[in-house]
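Chemist: Take a look at the letters that make up each chain.
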Amino acid sequence: MTAPAKTRKPWSDTARGYAMNAPALLALLLLVAYPIGYSFWVSLHRDNLAQPAVRKFIGLDNYLSLVDDPVFLCSLGVSALFVLTVVGATVLLGLAMALVLNETFFGRGVLRSLVLLPWAMPGVVNGLMWRTVFDAKTGALNGLLTDLGWIDEYQAWLSSATGAFLLTAFAQVWNTLPFAVIILLAGLSTIPGELYDAATVDRAGPWQRFREVTLPWLLHPLLIVLILETMNAFRAFDTIYVLTGGGPGDATATVALLTVQRVLSYTDVGLGSAYAWVITLITMVVSVGYVGLLYRRGSFEV
Amino acid sequence: MTAIPLRYRVPWKKILVSVLALVFAAYLVLPFYWIVAMSFMTEADANSLPPQWIPDQPTLENYRAFVDPTAAQALVGGRAVKETPFALGNSLLVATLTALLNLLLAVFAAYSFSRLNFRGSRVLLILYLVTRMVPGVAIIVPFYLLMRQLDLLDTYWALILSYTTFALPVTIWVLKDFFRAVPRELEDAARVDRCGWFRTMWSVVLPISAPGLVAAAVFSFMTAWNEFMFALFLTSTTAAKTMPVIAANFATDINTQFTVMAASGVLAVLPPLVLVLIFQRLIVTGMAAGSVKG
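If you read the sequences in order, they're chains A and B. 1 is the number of the first residue of the first sequence in full-length UniProt numbering; add one for each residue after it. 1 is the number of the first residue of the second sequence in full-length UniProt numbering; add one for each residue after it.
So here's chain A without its partners, still in its complex pose:
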């Protein structure tokens, strides 16, 4: 009697799937899920590490206090403006750069490598670099503008509120640009060339070709860049910390920066956790919107 070829199947796919995911899941559970839950619990307390004695459950009081905390509300405003500025500039500049890099020209390979340069720069070093560039006494920006004859005397760029805000945004954009360029470039490379040929036959001008062919194909990558850069800019911390430390006044004091100060300088972990949870909630709303949008476009393949 010949037994059918033995098909060993001691494990079902499901069991095997979960077994293989167990190490990663366990790590994330312990190192993300637990801290998140615990963080929420802490945010319901009055809890300052400097005064362990006054630790006390106060329910949603920390959150309620945020509603009429002018410093916090101001930082939300600064963050919103910062995100708008940085994301807007990143998308426009990234798109322009991706479009140029998608053409053939002398030195394209070199430029493609150069685009990655800012990406290799740690945020702290990015802030440090721009500090020497924007410096009031010896900075390169002052030197350059004087050489060009555009300004007569050296400016203390970072000491005016508007200047500090715009330059911080500028430094942030420089740092996050490569990501946008690469994603958009990858998107551009998927557009079939025939579409442009057809458009040319139809006598479509450059602008029309961009609007009718390029843009529709780029919607998905653009959406990804938009959302990821939004989240990035919203939690931007290191560049700002080094460049302005939130000043002058509170011109560049974003929520992320304020949260860190609240916890690190004032050791107020209760209120700091509440700050952090507001950031988390905003990020979550954006993320859910993001995933939802992609699903609706049918392009979110898992």
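Just so you know, the hints here were simulated from the structure itself, not pulled from any lab data. Be careful, since some hints might not be right.
Unchecked claim - Label pairs and their computed distance ranges (CB to CB): (1) D13(A) / Y33(B): 52 to 62 Å; (2) R199(B) / Y196(A): 44 to 54 Å; (3) L219(A) / W157(B): 42 to 52 Å; (4) L49(A) / G120(B): 33 to 43 Å; (5) F210(A) / G120(B): 39 to 49 Å; (6) R211(A) / W157(B): 23 to 33 Å; (7) L29(A) / D151(B): 12 to 22 Å; (8) P207(B) / T200(A): 40 to 50 Å; (9) P207(B) / T267(A): 47 to 57 Å; (10) D202(A) / R9(B): 49 to 59 Å.
Every value quoted in this text rests on a predicted model; they were computed, and no experiment measured them. Glycine residues also receive a C-beta, built at the ideal position from the N, C-alpha and C atoms.
Fit chain B to the given chain A structure using the hints.
Modeler: Only chain B this time, still in chain A's reference frame:
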């Protein structure tokens, strides 16, 4: 008579593209060039007005400061100058171990998504993505408390563990796409040869997806190398302080010489920059694969 071709047109588009390319190249390189140039200047040259675009008397003094600071440098740079060599070592170790731990954890998970059709796999994948979306500030406090309980504050492990949570979801997403690209027939062939799934994965799938593994490792390395906030919270001495923490000390200390600070910045950029330049093609494919597809 040779006439000008009738339909000759000025190649406006080519000109525009070249001009823009030049402008972009300047925008990308000039700021970086500035700190590199500065790191080779003497203190006097760096303070001269108008600024020198090329160092008058190039010097290696600023780099030598980290090994053997002169009295003046030790004074103005303070502790940061002395701590830099340790910080570089710490960063290197933390980033490498993070990359390795990430691969180890992610390979199994990613393989399961590429080959097994199991209930809840979609939910699981999205769950990984969601953990990536939690901002670091949201978990830094409890993470700090957790590490304090485990007695891991001011050690490599506190950093390695936290960076693993940042990089793990991305690593799984990138690897899953690379694994899926491996032809199924190869695996079937291995099965016929009576290889178990582990042998199959180890000797067939992994070698073929080597580019993906490298891309993922570079990602995790860079994440760990660049991170600042957790390093600031979780480390306090040269036992574990990383390069960004030291660089921030340079920047916030008003007494620091710009030239020494610039040199420290260049040192902190060098390792990730070298990695990016060596593996640029892999990084670009990995990044594009991980995000354009979802």
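Chemist: Each of the hints needs a verdict: does it hold here or not?
Modeler: For each hint, the structure was consulted:
| no. | hint | verdict |
| --- | --- | --- |
| 1 | D13(A) / Y33(B): 52 to 62 Å | 55 Å, holds |
| 2 | R199(B) / Y196(A): 44 to 54 Å | 48 Å, holds |
| 3 | L219(A) / W157(B): 42 to 52 Å | 43 Å, holds |
| 4 | L49(A) / G120(B): 33 to 43 Å | 40 Å, holds |
| 5 | F210(A) / G120(B): 39 to 49 Å | 42 Å, holds |
| 6 | R211(A) / W157(B): 23 to 33 Å | 53 Å, violated |
| 7 | L29(A) / D151(B): 12 to 22 Å | 21 Å, holds |
| 8 | P207(B) / T200(A): 40 to 50 Å | 45 Å, holds |
| 9 | P207(B) / T267(A): 47 to 57 Å | 51 Å, holds |
| 10 | D202(A) / R9(B): 49 to 59 Å | 20 Å, violated |
Violated hints, listed in ascending order, are 6 and 10; each of the other numbered hints is respected by the structure.
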